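Participant: Could you build all of it, start to finish, from the sequences and the hints given here?
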Amino acid sequence: MTRLLRDPVACLGLLLVVFAAVVAAFAPWLAPYPDDAFDSHLLQRLQPPSAEFPFGTDYLGRDLLSRVILGTRNAIVVAVSVVLASMLIGVPMGLVAGWRDNWLSDVLMRVTDVFLAVPQLILALALGQLMAPGLTTAMVALSLTYWPFFARTVYAETRRLRGALFVDALAGLGASPARILLLHILPNAAPAIMVRATIGMGFTILTAAILGFLGVGAAPPSPDWGLAVAEARQHLPESWWFATFPGLAILLLVLGFNLLGDGLRDVADPRLRRSRK
Amino acid sequence: MGRYVVRRVLLALPALLGLVLLTFVLTRVIPADPAAMLAGDAATPAQIADIRSRYGLDQPLWRQAVTHVRQVLTGDLGSSIFTGRPVAEEIGFRLPATLELTFAALFLSVVLGIPLGLVAALDHNGPVDQIVRLLSVGGLAIAGFWLAIMLQLVFSMELDLLPLRGRIDIALGAPPAVTGLYLLDSLLALRLDMFGSALRHLVLPAVTLCLPGLASIARFTRSGVLETLQKDFVLYARAAGYSPFRLATIYVLRNAITVTVTQVGLLFGALISGAVAVEAIFDWPGLGTYAVQAILAADYKALLAVTLVVGVVYAVVNVLVDVAQALVDPRVAEQLK
Chain L
1 MTRLLRDPVA
11 CLGLLLVVFA
21 AVVAAFAPWL
31 APYPDDAFDS
41 HLLQRLQPPS
51 AEFPFGTDYL
61 GRDLLSRVIL
71 GTRNAIVVAV
81 SVVLASMLIG
91 VPMGLVAGWR
101 DNWLSDVLMR
111 VTDVFLAVPQ
121 LILALALGQL
131 MAPGLTTAMV
141 ALSLTYWPFF
151 ARTVYAETRR
161 LRGALFVDAL
171 AGLGASPARI
181 LLLHILPNAA
191 PAIMVRATIG
201 MGFTILTAAI
211 LGFLGVGAAP
221 PSPDWGLAVA
231 EARQHLPESW
241 WFATFPGLAI
251 LLLVLGFNLL
261 GDGLRDVADP
271 RLRRSRK
Chain V
1001 MGRYVVRRVL
1011 LALPALLGLV
1021 LLTFVLTRVI
1031 PADPAAMLAG
1041 DAATPAQIAD
1051 IRSRYGLDQP
1061 LWRQAVTHVR
1071 QVLTGDLGSS
1081 IFTGRPVAEE
1091 IGFRLPATLE
1101 LTFAALFLSV
1111 VLGIPLGLVA
1121 ALDHNGPVDQ
1131 IVRLLSVGGL
1141 AIAGFWLAIM
1151 LQLVFSMELD
1161 LLPLRGRIDI
1171 ALGAPPAVTG
1181 LYLLDSLLAL
1191 RLDMFGSALR
1201 HLVLPAVTLC
1211 LPGLASIARF
1221 TRSGVLETLQ
1231 KDFVLYARAA
1241 GYSPFRLATI
1251 YVLRNAITVT
1261 VTQVGLLFGA
1271 LISGAVAVEA
1281 IFDWPGLGTY
1291 AVQAILAADY
1301 KALLAVTLVV
1311 GVVYAVVNVL
1321 VDVAQALVDP
1331 RVAEQLK
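So the sequence lines, in the order shown, correspond to chains L and V.
Residue numbering for the first sequence follows the working numbering, beginning at 1 and increasing consecutively.
Residue numbering for the second sequence follows the working numbering, beginning at 1001 and increasing consecutively.
A hint or two may mislead.
[As the list claims (entries may be wrong)] Pulled a few chain V residues facing chain L out of the computed Cβ check, cut under 10 Å:
no., residue
1, P1014
2, L1022
3, H1068
4, Q1071
5, R1133
6, M1157
7, E1158
8, A1280
9, I1295
10, L1303
Since the hints were made in silico from the structure, they are not lab data.
Every value quoted in this text rests on a predicted model; they were computed, and no experiment measured them.
All residues carry an ideal CB built from backbone N, CA and C; glycine is no exception.
Facilitator: Take a look at the structure:
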């Protein structure tokens, strides 16, 4: 932790993530016009940034700052749910597949390969379209396409650790495989899982935004960032603010998670440590 | 070497077969009633029943699966629900556009990413290194669709420097198709006006698309160079009095680059994903635009075909990258035995 705090770039990431978490937690109180999640005011549509509306207003006259703030909560909730769901699928699969080299391990890893055989966004698009498009579907599709990354990470860690002396000792003492895997190997794989999860948060926010932008994610009147950029396209170049600020929000939040993940990886994996001379 | 290539191709096959089965599960098992989905919202029960027997949906599931796999393997991807034309034909027409765009982006990422990674590593933990790090993490954090719109706003709408959309001036028309890549075809036809127009149309989409690739190539080059700098032969070359520039470009970079080459295969997936949104924004007539149109029209056949084709292209690229790597570094081929 201290090592992480000594790294200025990782600290910037942590700062951005904490800031976004606070904004998300207190969104309804922070937003100047919290009702603009649903209300529309057609008389003040597409107004440029001003003291009254710091980010301007959108095509329905809603305050863009309020919607960017309210959208933070959506983005974080989506990312946390998707990453947790992917972990629930991927971590057990990785543990089981990495423990022994048998047919089960082969089957699990081949299934993982199938999901990795197509870029994640393409698969998520297909899944999202086939189940009725919407935010829940997008989240399910993203989880179903992100778990292989956890499976791969945990699989590699388990294989690395299963030959360790302490594992042999535990087996010698009569510990069951389940006990060894859950109580001893899993905690040792935790740093790698943490790094993967942090990077996955950024990646999921980005992909969810693309899905929203393409119309396979959040539906109006949700204050979703990707959706807002899509809505803004018809009002360019006159209303530049409408497309700019939601996109900046995506950039800053994803940047925060990526920088943090980068810093965590340096701490977790000594082989990649940046401070090495 | 020949045996390695064969083994590597065989290893890719199960995943592809699995992918074909996955697309089957997606269309036939997940929807409650595939026939109703095919028929659309306004269909009568009689129409649904007709579709069910016509598409063989009343057959047992395993027989449907066998038929599906056989159709895909013979290149029969079905007809678009929306346009009625064979999907394989429509995709064949659009694939070159996507390939041209992704190759251009890949070219930019390599040409810019490797020098960036090199200067970052040579200034290890210094200010240049930190700036490149921020840039490379930032490049992976930026939403391509948003960057595309911002570039359009500045360079096309405000400054009027580059075209807003399309692949070539409509007045010029497409160059005679040989490869399907406009840059190459226009040169083959000796039409410099077409080449210029195609190039101008390519700039913004390619720049947008290259950022994530540029970022990861810079990163991997940086770590590869750092690793190589520790090697004894570098110490020797330094002691022998080679200039830092010569040392870096000839001795270090050549040895560091193998890590970067592996990344190109993985990168290709990111590029194809990125192309979906970028193409839609620049009206680039490739697979991405096709996929987005398929989404809007709820044309699941077209969307599945795109998924399959992308999977195949992805697998082919990764096999090629592995083979290239084995040619450069014989130890890679050894590992597979």
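Participant: If a hint holds in the structure, say so; if it doesn't, say that too.
Facilitator: The hints, checked one at a time:
{"no.": "1", "hint": "P1014", "in the structure": "6 Å, holds"}
{"no.": "2", "hint": "L1022", "in the structure": "6 Å, holds"}
{"no.": "3", "hint": "H1068", "in the structure": "15 Å, violated"}
{"no.": "4", "hint": "Q1071", "in the structure": "17 Å, violated"}
{"no.": "5", "hint": "R1133", "in the structure": "6 Å, holds"}
{"no.": "6", "hint": "M1157", "in the structure": "4 Å, holds"}
{"no.": "7", "hint": "E1158", "in the structure": "6 Å, holds"}
{"no.": "8", "hint": "A1280", "in the structure": "7 Å, holds"}
{"no.": "9", "hint": "I1295", "in the structure": "5 Å, holds"}
{"no.": "10", "hint": "L1303", "in the structure": "5 Å, holds"}
In terms of the numbered hints stated before, the structure departs from hints 3 and 4, listed from lowest to highest.
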